Structure formats: C-alpha cells, structure tokens
Amino acid sequence: MNGLLLIDKPEGLTSHDVVRTVRRACRTRRVGHAGTLDPMATGLLTVAVGEATRIVEFLMEGEKTYRASLLLGVETDTQDSSGQVTARQDRVECDETTIRRVMDSFIGEQQQIPPMYSALKKNGVALHRLARQGLVVEREARTIKIGRMEPIEIAPPRISFEVDCSKGTYVRTLCHDLGHKLGTFAHMTSLRRIRSGSFHVKDAVSLELIAQAAPESIEPYLLPLAEGLRDYSACRLSADAVRKLRHGIPPQISEIFSPTPLREGEIVVLKEQDRALAIGCYAPGRQREQRGDIELFKVFNTAAQ
Numbered sequence: 001m002n003g004l005l006l007i008d009k010p011e012g013l014t015s016h017d018v019v020r021t022v023r024r025a026c027r028t029r030r031v032g033h034a035g036t037l038d039p040m041a042t043g044l045l046t047v048a049v050g051e052a053t054r055i056v057e058f059l060m061e062g063e064k065t066y067r068a069s070l071l072l073g074v075e076t077d078t079q080d081s082s083g084q085v086t087a088r089q090d091r092v093e094c095d096e097t098t099i100r101r102v103m104d105s106f107i108g109e110q111q112q113i114p115p116m117y118s119a120l121k122k123n124g125v126a127l128h129r130l131a132r133q134g135l136v137v138e139r140e141a142r143t144i145k146i147g148r149m150e151p152i153e154i155a156p157p158r159i160s161f162e163v164d165c166s167k168g169t170y171v172r173t174l175c176h177d178l179g180h181k182l183g184t185f186a187h188m189t190s191l192r193r194i195r196s197g198s199f200h201v202k203d204a205v206s207l208e209l210i211a212q213a214a215p216e217s218i219e220p221y222l223l224p225l226a227e228g229l230r231d232y233s234a235c236r237l238s239a240d241a242v243r244k245l246r247h248g249i250p251p252q253i254s255e256i257f258s259p260t261p262l263r264e265g266e267i268v269v270l271k272e273q274d275r276a277l278a279i280g281c282y283a284p285g286r287q288r289e290q291r292g293d294i295e296l297f298k299v300f301n302t303a304a305q
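With our numbering applied, the sequence shown covers 1 to 305.
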C-alpha cells in the first residue's frame, strides 16, 4: 500500500497517535506524517504510506493556513491553554482598530523565537523536556514569513483569526507575541490547520473512518506520489531518458519536456505518463561533468505506484 492520506486530525491525539492508527489500518510499518500538530490542534495532517514516506520532506515545504483563537490578558508557560498560567491582567482594553493594525504589523518576513514547549532540540535534548524540568534556555530566532493575518471575530478578550504562514511558524507564539504588542498577555485557545500547500482539509477524511476500514477500503483514499508532489513542476521524460534513469543516470535537458522553461535550482518531478519516477533539482552546470542536467534527490520505485 503506497500513497498519501489526508487526515482530519481530531483534538486530543498526537500526530504520532495518528500514525499508529494508520499503521494498524494499513497493516504496514512504513507510515509517516508531514508537519506535526499538537494534541490540542485539529485539522489537516498529511500522512504518507509506503513509498510515499520518501517524499515527506518535500510535503513540508508549502505554505500553511491555520485558524486560531486566543484569549487576551492571560499568559501561560506553553503559550496555549494546555499550560500553567504565568501572568494575568484583569482588565484588557483593546479596540478593533488597534487589533487590526497590530495584526497587519506581523505580515512579511520576521524573526520568531520558538517556545520552550516544543520538539526542537538544544544539545540533543528536546526543549519541552527541559521546560518540564523548570529550565529556560536561550533559543535561536528563526526566519518565518506571514502572508496573511486576518481577524475572523474580534470580541475582546477573545479573538479568532486566520493566518497564512511559512513552515516552522509557531501560531501559539504569534498569539503570545500579539498579546505583548497590544500591551497585555495572550495565549492560544484553539488551532485548526486548514491548508498545507495545495492540500485542503475539506478533502481530508476522518481518522475514525480509516481506523474502522479494511485495508482494501483505504486504497481509494490514497493519493499517488505524482499527486502528492503536485506543488512542484512536473516534467515528462523521453523513453530513452526513462531507461537511463532506471540505472540512476540523470536526464539531459534535451530529454526533458516541460510546459514552461526551467529555472536553475528549481525542484522538478520527473514523470513517465502519470507516474512519478524521481524528484530532483534543475542544475544545468552539471553538463560540464557529463552527469545530466538534473541533480537527483530521490528515484522512486515505480512498481509501488
């Protein structure tokens, strides 16, 4: 069994809980996920099965859309409602105009300091383990990009909003930082992932459905590798290039049929009809090395598609 499952993750489960359920349902150990959701979060979780586990790193690159809510006036150690209250302001005065203006200030590229309660590691130890020991260590700020931050409902002290953001963005940290910019405290009270790249939660299936289905009933819900890589440029190969690729030989640009001119450094999916054969980077400089014009990242097992 090979392909991608779009799962609408329920609240209260870890992403690994979802993986375990899919492993049992599909009767295979080769299952992984693209982009962790915390237990309190719901929404789109892309789960890779079989050969599709080899493309997880490419699935995580796309922009994400989240719907979140927050409570002003209260700060927690986890930056969400699962944590312990660390600060409180009894009276919060924020008008809608100010809130919209501060939200707009987040749009664009910026530096974000990851929260202590996260899976990131410091000297090989997960930050959340250090946090549970009462330790706070210095974290390196990371570059993120916010494409849109739009309020859905403003009813202070509660605010709900949608945000389009780059991978690696902590929405609970956005909530925490929004509170500080408003001159108060804040923590996230709910989170739902709506979109990841071109995949949308409206196309996802429930975990309960997968858990209760027979393996053969799951097959129709699996997206093939080529569909999973649809956010990347797709190129067809000549018959000769297909034969050479099976021996690990990258194609020349003359053997590649692309609907648009390729840009140096562009990631491309090499296809034979509807099957994804490989994914790599267009590197025309390699012609001087007589190794083709594509730097291959992964060559897929076509028998598994």
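Hint data in this document are derived by calculation from the structure and do not stem from the laboratory. Being a predicted model, the structure only gives us computed values, none of them experimental. Hints may be right or wrong, so weigh each one.
Stated by the list, open to error - Calculated cross-link-like contacts (lysine-lysine; reagent style DSS-like; alpha-carbon spacing at most 27 Å): (1) Lys121 to Lys145; (2) Lys271 to Lys298; (3) Lys271 to Lys244; (4) Lys167 to Lys298; (5) Lys121 to Lys167; (6) Lys145 to Lys181; (7) Lys145 to Lys202; (8) Lys167 to Lys145; (9) Lys167 to Lys122; (10) Lys244 to Lys202; (11) Lys145 to Lys122; (12) Lys181 to Lys202; (13) Lys167 to Lys244.
Said to hold, decoys possible - Here are the simulated distance ranges between beta carbons: (14) Arg20 to Glu57: 51 to 57 Å; (15) Glu57 to Ser105: 28 to 34 Å; (16) Asp90 to Glu219: 22 to 28 Å; (17) Glu57 to Ala211: 22 to 28 Å; (18) Ser233 to Gly108: 25 to 31 Å; (19) Glu138 to Arg236: 48 to 54 Å; (20) Gly248 to Asp274: 33 to 39 Å; (21) Ser217 to Glu138: 36 to 42 Å; (22) Lys121 to Leu209: 47 to 53 Å; (23) Asp17 to Arg129: 37 to 43 Å.
From the three backbone atoms N, C-alpha and C, an ideal C-beta is built for every residue, glycine too.
Consistency of the hints with the structure:
1. Lys121 to Lys145: The given pair, whose Cα atoms are some 22 Å apart, holds under the 27 Å limit.
2. Lys271 to Lys298: holds, 13 Å
3. Lys271 to Lys244: holds, 13 Å
4. Lys167 to Lys298: Holds - the C-alpha atoms of Lys298 and Lys167 are around 22 Å apart, at most 27 Å.
5. Lys121 to Lys167: holds, 17 Å
6. Lys145 to Lys181: holds, 18 Å
7. Lys145 to Lys202: holds, 24 Å
8. Lys167 to Lys145: holds, 8 Å
9. Lys167 to Lys122: Given pair Lys167, Lys122 holds - Cα atoms ~20 Å apart, limit 27 Å.
10. Lys244 to Lys202: Given that 27 Å is the threshold and the Cα spacing comes to 40 Å, the pair is violated.
11. Lys145 to Lys122: holds, 23 Å
12. Lys181 to Lys202: Violated: Lys181 and Lys202 sit about 33 Å apart, past 27 Å.
13. Lys167 to Lys244: violated, 35 Å
14. Arg20 to Glu57: 51 to 57 Å: For Glu57 against Arg20, whose Cβ atoms are near 21 Å apart, the range 51 to 57 Å is violated.
15. Glu57 to Ser105: 28 to 34 Å: Between Glu57 and Ser105, where Cβ atoms are some 32 Å apart, the hint holds.
16. Asp90 to Glu219: 22 to 28 Å: About 56 Å separates the Cβ atoms of Asp90 and Glu219, which means 22 to 28 Å is violated.
17. Glu57 to Ala211: 22 to 28 Å: Given a distance of about 27 Å, which is inside 22 to 28 Å, the answer is holds.
18. Ser233 to Gly108: 25 to 31 Å: Holds, at about 26 Å.
19. Glu138 to Arg236: 48 to 54 Å: holds, 50 Å
20. Gly248 to Asp274: 33 to 39 Å: violated, 22 Å
21. Ser217 to Glu138: 36 to 42 Å: violated, 50 Å
22. Lys121 to Leu209: 47 to 53 Å: violated, 35 Å
23. Asp17 to Arg129: 37 to 43 Å: violated, 19 Å
The structure shown violates the earlier hints numbered 10, 12, 13, 14, 16, 20, 21, 22 and 23.
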